[in-house]
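*Asks:* Each chain, written out:
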Amino acid sequence: MRIRNAFAAALVALVALSGLGATVVAKIRVVATTPDLASIAREIGGEAVEVVALAKPTEDPHFVDAKPSHIVTLNRADVLIEGGAELELGWLPPLLESSRNTRIAAGAPGRVVASQGVQMLEIPAAFDRSKGDVHSQGNPHFLLDPPNARTFAISLADQFSKVDPASAALYTANATKFSAALDAKYAEWQRKLEPFRGAKIVTYHKDFVYLAARFNLEVVAELEPKPGIAPSPAHIARVIQTMRATSARVILVQPYQNRKTAATVARQAGAVVLDMPQQPGARPDTKTWLAMMDHLVTTLANALGEPR
Amino acid sequence: MKAIVVATSVVTCLVVAQPTAAQQAQPSGPRPGTYMNVGFTALTDAGWSTSKNLASILQGDHDPKVRGFTIPNTELTLDGAVDPYFRGIANFIFKLDENGETGVELEEAYVVTTALRGNLQLKAGQYFADFGRQNTMHPHAWSFVDQPVVLSRMFGPEGLRSQGVRLSWLLPTPWYTETMVSVVNSTNGTTFSFRSEESAVIHGGVPVERGVNEVGDMLVVPRIATSFDPSPTQTLLLGASAALGPNNSGPDERTAIYGVDGYWKWKSASAQQGFPFVSLQGEFLTRRYDAAVRPSIDDTTVTLAAGPINDRGGYAQLLWGIKPRVVAGLRTDIATGDVPALVTEFRGDRLRVSPNLTWYPSEFSKIRVQYNYDDRKSLGKDHSLWVQLEFLLGAHAAHKF
Chain L
15 MRIRNAFAAA LVALVALSGL GATVVAKIRV VATTPDLASI AREIGGEAVE
65 VVALAKPTED PHFVDAKPSH IVTLNRADVL IEGGAELELG WLPPLLESSR
115 NTRIAAGAPG RVVASQGVQM LEIPAAFDRS KGDVHSQGNP HFLLDPPNAR
165 TFAISLADQF SKVDPASAAL YTANATKFSA ALDAKYAEWQ RKLEPFRGAK
215 IVTYHKDFVY LAARFNLEVV AELEPKPGIA PSPAHIARVI QTMRATSARV
265 ILVQPYQNRK TAATVARQAG AVVLDMPQQP GARPDTKTWL AMMDHLVTTL
315 ANALGEPR
Chain B
375 MKAIVVATSV VTCLVVAQPT AAQQAQPSGP RPGTYMNVGF TALTDAGWST
425 SKNLASILQG DHDPKVRGFT IPNTELTLDG AVDPYFRGIA NFIFKLDENG
475 ETGVELEEAY VVTTALRGNL QLKAGQYFAD FGRQNTMHPH AWSFVDQPVV
525 LSRMFGPEGL RSQGVRLSWL LPTPWYTETM VSVVNSTNGT TFSFRSEESA
575 VIHGGVPVER GVNEVGDMLV VPRIATSFDP SPTQTLLLGA SAALGPNNSG
625 PDERTAIYGV DGYWKWKSAS AQQGFPFVSL QGEFLTRRYD AAVRPSIDDT
675 TVTLAAGPIN DRGGYAQLLW GIKPRVVAGL RTDIATGDVP ALVTEFRGDR
725 LRVSPNLTWY PSEFSKIRVQ YNYDDRKSLG KDHSLWVQLE FLLGAHAAHK
775 F
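Heads up: the protein sequence lines correspond to chains L and B, in order.
Under the numbering used here, think of the first position of the first sequence as 15, with each following residue one higher.
Under the numbering used here, think of the first position of the second sequence as 375, with each following residue one higher.
Just so you know, these hints were derived from the structure itself, not from any lab.
Take these hints with a grain of salt, some might be off.
In silico DMTMM-like pairs for lysine to aspartate or glutamate, Cα to Cα no more than 20 Å straight-line [said to hold, decoys possible]:
#1 B/K774 x B/D749
#2 L/K145 x B/D749
#3 L/K176 x L/E61
#4 B/K697 x L/D74
#5 B/K740 x L/D142
#6 B/K697 x L/E64
#7 L/K145 x B/E764
#8 B/K774 x L/E111
#9 L/K301 x L/D147
#10 B/K639 x L/D74
#11 B/K426 x B/E764
Turn these sequences into a full structure, and let the hints guide you.
*Replies:* Written out as structure tokens, the structure is:
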């Protein structure tokens, strides 16, 4: 019995080693447009991949510069992960054309569109730019909804396996592991936010709609009068009125949004401004997507739980 | 030469499909339900200048050459994937001239390969030649109302563009380095310094009819560009270009234009809608135009002596994206030509200083105010004030860096 166990252990070790050897030789080069996609890609790819993000965690992901260093990064990529839904429309197409990399061309196994398979919110019935810069395929900030992140993680494991069949087992195992960690955290987040069901919140841009829908919060106003349109004094006055009338107590802002405007509104409406970065790495304590979500939920729950 | 003829005759065939009801997420590209992007931009200008002959101080075809109102450029752009091997782009210009007459032109129509091996890419059709930085940019992407003086002098009113092919190679260096060469026709109005009918403006003589008899009669435009990021918030892009080809001052004469260009940009790590940022862009060009012994176009009994006509000039422009959607700019143009070679208003010493302020109500519109202080040393000083309004319909062309 003992000998047989030892033999089995040796066999497992050998298989593991040979697997390891293969991954050391050639890591799959993964490029993600934004750090949230990159973080989940690291969870799924583990040791078999090396991941870089094009957008900085602190910058507006709609307006990344199509700088030449990104062309080089994309030229050497085995996999490109984009959010889709027109988030990267202003900067990714010229980079892709210059990168001349067929591995990541639309439709290739190396091209991953994270929003595929996700239930998109706010898909406009008609395209009309008088309503601001509305994305025709729906609101692109979908990764703040934990089930969407799970959907993406599982489909990413499939996609990685197509590109790198040798590590398919690793990707599947990592997806299972990540889903379990996510589900555990998701239950905790639901518990934390359940007492605030129906709470009124205000955001700068229409970028927290998925979080609000999932955790039963109500976005009563945005500081932007329309997506992508700068706040005007008249609109700000209306927001303050709405906040007072609905007792909205928090304004959610991302690192790149105008905090001064948010602070002014908060002061006049008796609310607080919450730093809510949607990209991992924007704060030192939110290096991964899970840590970032943890931070968002905890910050929100703490602020909503503050006695008046 | 046969290969070039075949390649340039490639027709970019782009078809619009019926929209489908399915709302499936798509990779970055045309909207679902279409096979191509359709975009339209219009530049409408208004202003005043102390100069009565605006065409002599604003030589660009899309510059505002009217006291009062004008529409010097609107463009309809179609682009999309042709098939798995080509991307196609077509660009049509509709514009009003100084007299309010509508002009139509096919500005660009070309394909770019998408699946060539060895980091190579082929472009074929009619396109703006890759010389320097601004020449390939369309007017709606310019940071100023008018085109730099030196580009008007070297490339004429419509920039350097022609029909031909370009081969480009992305080098396997750790940082971005791309080298390319275009071989294009050297004739017509958009090859100003070469076999253009308008070349009398440069050499003062009667242009000679020159045919295409050998490869040397084509216009060759090589370029190398390199870029790196000195820090995570800064990017530097440097390039060197040349344009070499025959001119029609005589049967064997040639023109050589050389240029260097640089672009540096800083953008805040927490940029909102791309702001704040600071950028500096500059180009310097020099031209040697070898002229033959030729009869003067003004008086054919007068013979002009042979010899090189040398010109050079450059511009530098500083942009400051102060806060979301507000940009302040300052551009300085200098241009000069060797004396005692032929003296015309297109060759004299000139200094132009242009401060401007641009406000973008959204990504799809902009309002710009620009003042030009123009000192043409031998002709006097002029002051001009312009207001420009741009609007965009349909697909927003993504901007290259």
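*Asks:* Now, for every hint given, state plainly whether the structure supports it.
*Replies:* Structure-based check of each hint:
1. With a C-alpha separation of about 33 Å, the suggested pair B/K774 and B/D749 falls outside the 20 Å cut-off, and the hint is violated.
2. Proposed proximity of L/K145 and B/D749 is contradicted: the alpha carbons are some 46 Å apart, above 20 Å.
3. As the CA atoms of L/K176 and L/E61 are separated by approximately 17 Å, the hinted pair is consistent with the 20 Å bound.
4. Using a Cα cut-off of 20 Å, the hinted pair B/K697 and L/D74 holds, with the two alpha carbons roughly 14 Å apart.
5. The straight-line distance between the Cα atoms of B/K740 and L/D142 is roughly 18 Å, inside the 20 Å bound, and the hint therefore holds.
6. Distance check on the hinted pair: B/K697 and L/E64 sit about 36 Å apart at the alpha-carbon level, beyond 20 Å; violated.
7. A distance of roughly 19 Å separates the Cα atoms of L/K145 and B/E764; the hinted pair therefore holds under the 20 Å criterion.
8. Restraint check for B/K774 and L/E111: the C-alpha separation of about 10 Å stays at or below 20 Å, so the hint holds.
9. Between the alpha carbons of L/K301 and L/D147 the distance comes to roughly 30 Å, so the proposed pair goes past 20 Å and is violated.
10. Proposed proximity of B/K639 and L/D74 is supported: the alpha carbons are some 17 Å apart, at most 20 Å.
11. Proposed proximity of B/K426 and B/E764 is contradicted: the alpha carbons are some 25 Å apart, above 20 Å.
The structure does not agree with the numbered hints 1, 2, 6, 9 and 11 stated previously, though it agrees with the rest.
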